[in-house]
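For this one, chain A is given, so just place chain B on it according to the hints.
Going down the list, the protein sequences come from chains A and B.
Taking my numbering, the leading residue of the first sequence gets 17, the next gets one more, and so forth.
Taking my numbering, the leading residue of the second sequence gets 2, the next gets one more, and so forth.
No wet-lab data here; the hints were simulated from the structure.
Glycine included, C-beta positions come from ideal geometry on N, C-alpha and C.
Treat the hints with care, as some may be off.
Said to hold, decoys possible - Beta-carbon label-pair distances, calculated as ranges:
| id | chain 1 | residue 1 | chain 2 | residue 2 | range |
| --- | --- | --- | --- | --- | --- |
| 1 | B | T28 | A | E61 | 27 to 35 Å |
| 2 | B | Q26 | A | Q93 | 48 to 56 Å |
| 3 | B | K60 | A | R62 | 20 to 28 Å |
| 4 | A | G97 | B | H123 | 25 to 33 Å |
| 5 | B | S93 | A | G97 | 43 to 51 Å |
| 6 | A | Q159 | B | E185 | 17 to 25 Å |
| 7 | B | E22 | A | D114 | 48 to 56 Å |
What the hints assert, rightly or not - Quick list of in silico lysine-lysine cross-link-like pairs, DSSO-like style, CA-CA up to 27 Å:
| id | chain 1 | residue 1 | chain 2 | residue 2 |
| --- | --- | --- | --- | --- |
| 8 | A | K117 | A | K95 |
| 9 | B | K60 | A | K225 |
| 10 | B | K137 | B | K175 |
| 11 | A | K158 | B | K134 |
| 12 | A | K125 | A | K85 |
| 13 | A | K29 | A | K146 |
| 14 | A | K72 | A | K58 |
| 15 | A | K197 | A | K29 |
| 16 | B | K159 | B | K137 |
| 17 | B | K134 | A | K225 |
| 18 | A | K117 | A | K80 |
| 19 | A | K58 | A | K117 |
| 20 | B | K25 | B | K170 |
| 21 | B | K55 | B | K137 |
| 22 | B | K170 | A | K225 |
| 23 | B | K55 | A | K72 |
| 24 | A | K72 | A | K225 |
| 25 | A | K29 | A | K95 |
| 26 | B | K25 | A | K225 |
| 27 | A | K158 | A | K133 |
| 28 | A | K197 | A | K58 |
| 29 | B | K170 | A | K158 |
| 30 | B | K134 | B | K25 |
| 31 | B | K159 | A | K225 |
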Amino acid sequence: MAKEELKIGEVSKPRFEFRTFGRDFEEAAYLMSRLSVPVPEKVWERTSEEIYIVSKTNDINNTKVRDGKMDIKTFVQEKDGLEQWNPLMKAEFPIGADVLKNEVYPAFKVAVPEFDKDTYTFEEFMEMVKSNPDLLAVKVEKQRFGYMVNDTICEVANVWINGAMVVTVNSESTELDDIKKTIADLGLEGVENINYLQAIKRIVGWIDKPLAN
Amino acid sequence: MAEKSYIPKYEFRMFGQSFPELEKQITANALQTGEQKMNDVYLLTAADNENNVKIRGGKMDMKVLEETLQGLERWAPYMIGDFPLDVEVIKSTVFPALGIPAPAFSRNEYLLTQFLNELVYHDPDLFVAHTSKTRKEFEFNGCELEITDVTINSACIKTICIESENWEKVLETKKIFNISSAQENINYPTALKRIMGLVEIPGMWQSIKQ
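Isolated chain B (complex conformation):
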């Protein structure tokens, strides 16, 4: 069930509608190593901020925030499970990671459709973000970079990420690409929660009020 082959990396990620200058710099200077399309289903609650719980390629894929350092985050995978998932795993790992109580279970194991239809969609504390990603991957200065167009429940946003096992390399790369130290590092769960209204967008009301 558990896999630990992936080495956790320090990550700096930003979300926004467009980063034209930064994109131009990355595509001009970094080596593009690939492009991937993927569909992920994120499971979100207002309760938890330290677990990233998603379904990718028909598998339950979970990461936990291990460390924050110099404004960077290091996320480590701790469960990649194939469906059907054993009810004990759902009860003891998935729901605790979501930060909400586990529901009553009527099966010993759950296929993906059963998991979604019977446990997720009816839970008022659980929210689903269907995402489609087109991810361009790059290498530069000992870091992996990505520029990704994401649709979240059909709405569009862009994310750029710099990651490496070496946190100093991430900071150095940020500096090379003139990314301000004031630029917020936003992980996927936080970005999705802001769009879905599970957490407030910083400064949300400032420009609206009289």
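Here chain A stands alone, though its shape is the one from the complex:
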């Protein structure tokens, strides 16, 4: 079967991903920049502010608010240490109570609260999150630099989690072998695959484990 040509910023089949977090990936970032083919100017540098909502009882759904939308991705499978995540839903605020009840709270894997309104604004939803001790809203600011190495979409990013900075590097593709080659080429063999949920939970002290460096 022919490989699907990946294009940065475009929808593709669910991709596998290697991502890790730490304080210093200077060497990997340098190699990424040198090994990359030219990429569209729009992905050279991107910044965003997001709210991740982490749940003590959920490690398989990535739930965040970006650009005024609730955005959920779900873990599909792991192969050879690489993770495959699939978009599950996107919904704009104000958000319907039925969406919260049937899609958002089930993704958090916490008890579904009583809803006394038909729709909820972002602020009202945040108040609901704050009132649940198993949920935590975390401010995540990103400065992402996009690359394309071995036909995999790559990035190195500075990420501020509630104001404290970490660095993340990643490689994603529908093709496992391309990611593995990229990991090797970037000098990242043996480095732990850490997704956003895991990184945030470690930084906020929910998981007592350090990042990759």
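Frame of chain A; chain B shown alone:
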């Protein structure tokens, strides 16, 4: 057990990603007196704001907020205890300082690893911040200053502090270095709690919402 040799100082502390102009001014004008690296383990709860509870160099190290004056804080050490810690000390001093009920105890005294593994890590109300600090120390205008790079559970932040037994000297030094009177004084427990989501960051949602 208790030590009281340290004279409490008035403190102004700020946290952020970088303070390039202020750092430049401090390094150019103040006398650097040392540089230290240290690893501290802070114990945090959502409940308490007036105690600073940490483990440094294998010792339990606790401070209490004694006074706030002119936007400055004066913290006083009130217990520096070696492990193994007596269960009575843990029960009557450590947990009350954290503002949460003491758990059931199965030992008369606790080694550091026992304290962490048996009493801290399993308590859903207790959060641990592993910090590594590289602290550059300075003297200027009768004050001690520090510029410290801190990693908190592997994430990086910077803090600058001015402290002195004389609160007027701290305010004077702030003025000399053009630190705005609007600049928030943030102590370590508060900064750690904000990063760990135990207290909300002021204005957290403003730039996110539509």
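Okay, the hints, checked on the actual structure:
1. B:T28 / A:E61: 27 to 35 Å: holds (30 Å)
2. B:Q26 / A:Q93: 48 to 56 Å: holds (54 Å)
3. B:K60 / A:R62: 20 to 28 Å: The hint (20 to 28 Å, Cβ to Cβ) is violated, given that B:K60 and A:R62 are roughly 46 Å apart.
4. A:G97 / B:H123: 25 to 33 Å: holds (30 Å)
5. B:S93 / A:G97: 43 to 51 Å: holds (48 Å)
6. A:Q159 / B:E185: 17 to 25 Å: holds (24 Å)
7. B:E22 / A:D114: 48 to 56 Å: holds (52 Å)
8. A:K117 / A:K95: Since the Cα atoms of A:K117 and A:K95 sit roughly 32 Å apart, the hinted pair is violated (cutoff 27 Å).
9. B:K60 / A:K225: holds (22 Å)
10. B:K137 / B:K175: Answer holds: B:K137 to B:K175 is near 18 Å, not above 27 Å.
11. A:K158 / B:K134: With a Cα-Cα distance of about 24 Å, the restraint between A:K158 and B:K134 holds, given a limit of 27 Å.
12. A:K125 / A:K85: holds (20 Å)
13. A:K29 / A:K146: violated (35 Å)
14. A:K72 / A:K58: Violated, at roughly 36 Å.
15. A:K197 / A:K29: Given that 27 Å is the threshold and the Cα spacing comes to 20 Å, the pair holds.
16. B:K159 / B:K137: holds (11 Å)
17. B:K134 / A:K225: Holds - the C-alpha atoms of A:K225 and B:K134 are around 18 Å apart, at most 27 Å.
18. A:K117 / A:K80: holds (16 Å)
19. A:K58 / A:K117: Not satisfied, since the Cα-Cα distance of roughly 36 Å exceeds 27 Å.
20. B:K25 / B:K170: Status holds; Cα separation ~20 Å.
21. B:K55 / B:K137: holds (20 Å)
22. B:K170 / A:K225: violated (41 Å)
23. B:K55 / A:K72: Satisfied, since the Cα-Cα distance of roughly 25 Å is no more than 27 Å.
24. A:K72 / A:K225: holds (15 Å)
25. A:K29 / A:K95: With Cα atoms ~16 Å apart, A:K29 and A:K95 stay inside 27 Å; holds.
26. B:K25 / A:K225: violated (35 Å)
27. A:K158 / A:K133: violated (33 Å)
28. A:K197 / A:K58: holds (26 Å)
29. B:K170 / A:K158: Since the Cα atoms of B:K170 and A:K158 sit roughly 39 Å apart, the hinted pair is violated (cutoff 27 Å).
30. B:K134 / B:K25: It holds: about 20 Å lies between the C-alpha atoms, which stays within 27 Å.
31. B:K159 / A:K225: holds (22 Å)
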